Amino acid sequence: MPHKTFFAFILPSLIAMVLFIALPIVSVVVQSMHVEHGRILVSVENCQPFGGCTTETRVDTAAMAQLRAEQPMGQFNGFGTYLNRGHLAVNEIGAILANNTGLGDIVSRIYNLPFYKALSFTLVFCFVVTPLAMGLGFIIALGVNTIPKMLKGPVIFFSLLPMIITPLIGSLILYWMIQPNGIIGANLRVLFDDPTLSLRQSPVLTWLSLLFYGVWTNAPFSFVVFYAGLQTVPADTLESAMIDGASRWERIRYVVIPHLAPLATFVALVQLMDNFRVFEPIVGFSAEANATSLSWLIFNDLSGDALLFGSAGATSVITIIGVIILLTPVLIRTWREFNHKVV
Amino acid sequence: MKLLLKTTVSLGVLCLTAGAAFAECGIEGTGSVRILSNDFEALRLVNTTAAECAGGSVTVTSNATAEHKNIQVPALTINPAEYSVAVVANNSIVPLLNDDLIRPLDDLIAQYGQDLQPNQLIKIDGKTMAIAFMGNAQHLFYRKDILDQAGIAEPKTYEDILAAAEKIKADGLMQYPLAASDKPGWDLAAEFVNTYLGTGGEFFATGSAELDIDNANGLKTLETMKALTAYMDPDYLTFDANGIQAEYKAGNVAMMVQWGSLAGDMLNGEGAADGVVENTVLAAAPTVGGGSVPAVALWWDGFTIAKNISDEDAAASFQAMVHGISPDMVAANPTVATWLVAGYEPGPAAVGVIATANAGARAYPMQPYMGLLHTALSVELAEFMAGSESAEQALADVKAAYDTAAKEGGYL
Numbered sequence: 001m002p003h004k005t006f007f008a009f010i011l012p013s014l015i016a017m018v019l020f021i022a023l024p025i026v027s028v029v030v031q032s033m034h035v036e037h038g039r040i041l042v043s044v045e046n047c048q049p050f051g052g053c054t055t056e057t058r059v060d061t062a063a064m065a066q067l068r069a070e071q072p073m074g075q076f077n078g079f080g081t082y083l084n085r086g087h088l089a090v091n092e093i094g095a096i097l098a099n100n101t102g103l104g105d106i107v108s109r110i111y112n113l114p115f116y117k118a119l120s121f122t123l124v125f126c127f128v129v130t131p132l133a134m135g136l137g138f139i140i141a142l143g144v145n146t147i148p149k150m151l152k153g154p155v156i157f158f159s160l161l162p163m164i165i166t167p168l169i170g171s172l173i174l175y176w177m178i179q180p181n182g183i184i185g186a187n188l189r190v191l192f193d194d195p196t197l198s199l200r201q202s203p204v205l206t207w208l209s210l211l212f213y214g215v216w217t218n219a220p221f222s223f224v225v226f227y228a229g230l231q232t233v234p235a236d237t238l239e240s241a242m243i244d245g246a247s248r249w250e251r252i253r254y255v256v257i258p259h260l261a262p263l264a265t266f267v268a269l270v271q272l273m274d275n276f277r278v279f280e281p282i283v284g285f286s287a288e289a290n291a292t293s294l295s296w297l298i299f300n301d302l303s304g305d306a307l308l309f310g311s312a313g314a315t316s317v318i319t320i321i322g323v324i325i326l327l328t329p330v331l332i333r334t335w336r337e338f339n340h341k342v343v
Numbered sequence: 344m345k346l347l348l349k350t351t352v353s354l355g356v357l358c359l360t361a362g363a364a365f366a367e368c369g370i371e372g373t374g375s376v377r378i379l380s381n382d383f384e385a386l387r388l389v390n391t392t393a394a395e396c397a398g399g400s401v402t403v404t405s406n407a408t409a410e411h412k413n414i415q416v417p418a419l420t421i422n423p424a425e426y427s428v429a430v431v432a433n434n435s436i437v438p439l440l441n442d443d444l445i446r447p448l449d450d451l452i453a454q455y456g457q458d459l460q461p462n463q464l465i466k467i468d469g470k471t472m473a474i475a476f477m478g479n480a481q482h483l484f485y486r487k488d489i490l491d492q493a494g495i496a497e498p499k500t501y502e503d504i505l506a507a508a509e510k511i512k513a514d515g516l517m518q519y520p521l522a523a524s525d526k527p528g529w530d531l532a533a534e535f536v537n538t539y540l541g542t543g544g545e546f547f548a549t550g551s552a553e554l555d556i557d558n559a560n561g562l563k564t565l566e567t568m569k570a571l572t573a574y575m576d577p578d579y580l581t582f583d584a585n586g587i588q589a590e591y592k593a594g595n596v597a598m599m600v601q602w603g604s605l606a607g608d609m610l611n612g613e614g615a616a617d618g619v620v621e622n623t624v625l626a627a628a629p630t631v632g633g634g635s636v637p638a639v640a641l642w643w644d645g646f647t648i649a650k651n652i653s654d655e656d657a658a659a660s661f662q663a664m665v666h667g668i669s670p671d672m673v674a675a676n677p678t679v680a681t682w683l684v685a686g687y688e689p690g691p692a693a694v695g696v697i698a699t700a701n702a703g704a705r706a707y708p709m710q711p712y713m714g715l716l717h718t719a720l721s722v723e724l725a726e727f728m729a730g731s732e733s734a735e736q737a738l739a740d741v742k743a744a745y746d747t748a749a750k751e752g753g754y755l
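As given, the protein sequences belong to chains A and B, one line each in that order.
Counting with the numbering used here, you get residues 1 to 343 for the letters of the first sequence.
Counting with the numbering used here, you get residues 344 to 755 for the letters of the second sequence.
Among the hints, erroneous ones may be present.
Unchecked claim - Far from chain B by the CB rule (all over 12 angstroms, computed), these chain A residues: (1) Ser27; (2) Val59; (3) Leu113; (4) Phe157; (5) Ser159; (6) Gln179.
Claimed, not checked - Where chain A lies over chain B, by a calculated footprint (3+ residues, C-beta under 8 angstroms): (7) 384-397; (8) 467-477; (9) 664-673; (10) 716-722; (11) 738-746.
Calculated directly from the structure, the hints in this document are not laboratory data.
On a predicted model such as this, the values are computed, not experimentally measured, just so you know.
By construction, the Cβ of each residue, glycine as well, lies at the ideal position given by its N, Cα and C atoms.
Input sequences plus hints: build the corresponding full structure.
Pasting the structure below:
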């Protein structure tokens, strides 16, 4: 294809990518480097239905309007927001490293900082849920592939259900089920003979519930991709393996898995990216006390009485960088395979 | 004869005014009324009553949504504003004041506000910025039958409540006699603000945004909040106001500090277990640590008029809202809320709020940086409440989180 034709062909996509991906990212980066103007405060008298009048502080709106008109973005803060306690907490970590009573103390004090607390759960969720969901999806795909044709339709439909449900609704359903009077919660109490057992109470059980939810909701995607892949496994190779006396396990190990490896890379790529943005189950499970994620931090900055756009911007940029770091090994692998094939 | 004449005249006047009220509630001129409010029964009622003013050249639309706080600032910043009326409370008026998005109402009150009471006017710096129409506060709900069985009188302080809970548990009447909306987020922070107000302390150093809760009052507040959890369902960190309402209705709870705005729902008793509603008593919120004021914040709900709209729309909006909160509407719906309107006769559901207000409870603070503190509390108290952190550490974390946010917000 001539370069000109190729360029004309991808131009609409390029424009869309600049408009909807590049520009918003630039805007977020710029936003993250700014903070609000210093507020000019005045004391005024404030009268309310109960309690009469008190002197309270107010923002001098006229003076602020002038400041904003001069510099609409606010004050330039550079990387200040990135380094403060809400994000990388450079000073706090320095203080912890300089003065501590041992490794346990360092870990628990760093974990107490909001960003590192959120990052810990985000990474654990990524690296536990992704392989388990892929494994479970692969097993379901193998199972569905062997059942009679008549049953396949309904089984596939039911296997895909967790993916079809909106994540927030899905997490709420599971959350209701694990309540002490829900079907799972009540049965667990009987099973462990412990009337005070509560999945929502302890941090460990909350994490386990969230991870379980993650695997449950992610497995269908792996399943459907692997199932499609299974249809392309060359039948003659399988047959010759059978003639050579390979068991079912050996056929899977030496024929199916190598054949599906490129697909697995693709699934891992998508799911790592997805899981790094974990958010809905934390809200659905009301798990904020025990588990937060980077996305939840952004949500927290952008809701409530006080909106912190700079802080949300900084967390967003850090999330983008995190996704890039996570994907780099997979991308390098794909690139090498691609080059290998070309040569 | 003279009496008869008087009666006839006044009856005639009454008919005339009533007639005028029905005919588009007498709004002169044209205008578009667009109301943004929170979403609960009392506010929906105000919105629908204001909508009676629609007709002729006046249009009335309303949007009642729990997301109103997130919408209001951007919606009122554009010109003309998306909404002409924003229904607010102590805390949600602050962002509107900070950005200068609402207009002073004194001229409109002079022209159309004859029915309003002086205590409905929220005056800031001498100018009326909002018209309050209902009050709200958390207060004590308790089960008289359970307390009687344990031989305990009505608790007046948190210390009484703890002693009562211990007795009820020891007598085997209930396993978890207490409940509180301790869910991390807005609810948990509100519990802290409530209790702290009861200690008599101030949140900030006078006249500045410097946080001042890292003291004996702050420790007492946390200590009380934690002590209560010993008598709560182990899942207390996941209960919000609706959650504890359900637990109480199910008959699992003997005492809780709950919103006055949910008292109507409680007395109405839908879905409640036998014996819960008839034994429920509403009382003033408890005091704490020997303090004299109830350990809760008083709230008001009121309406404001947007700045970025035409004067015609502002006049029409003001009149429609005054109609929405009219004494007639209140007389027809006395149980829905604790109204701050002329002629309101408090019903049984308002007893607790009024007792709390009369006992001298303090208003929820309106400083421009209070929202930042509320957010910091909502995130940083969870670990302490879960028992994995000391009270001192929790207060230090709140201070650190608040300072970070206040620096970014330009207050420090």
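The hints, checked one at a time:
{"no.": "1", "hint": "Ser27", "in the structure": "holds (16 angstroms)"}
{"no.": "2", "hint": "Val59", "in the structure": "violated (5 angstroms)"}
{"no.": "3", "hint": "Leu113", "in the structure": "violated (9 angstroms)"}
{"no.": "4", "hint": "Phe157", "in the structure": "holds (33 angstroms)"}
{"no.": "5", "hint": "Ser159", "in the structure": "holds (30 angstroms)"}
{"no.": "6", "hint": "Gln179", "in the structure": "violated (8 angstroms)"}
{"no.": "7", "hint": "384-397", "in the structure": "violated (count 0)"}
{"no.": "8", "hint": "467-477", "in the structure": "holds (count 4)"}
{"no.": "9", "hint": "664-673", "in the structure": "violated (count 0)"}
{"no.": "10", "hint": "716-722", "in the structure": "holds (count 4)"}
{"no.": "11", "hint": "738-746", "in the structure": "holds (count 4)"}
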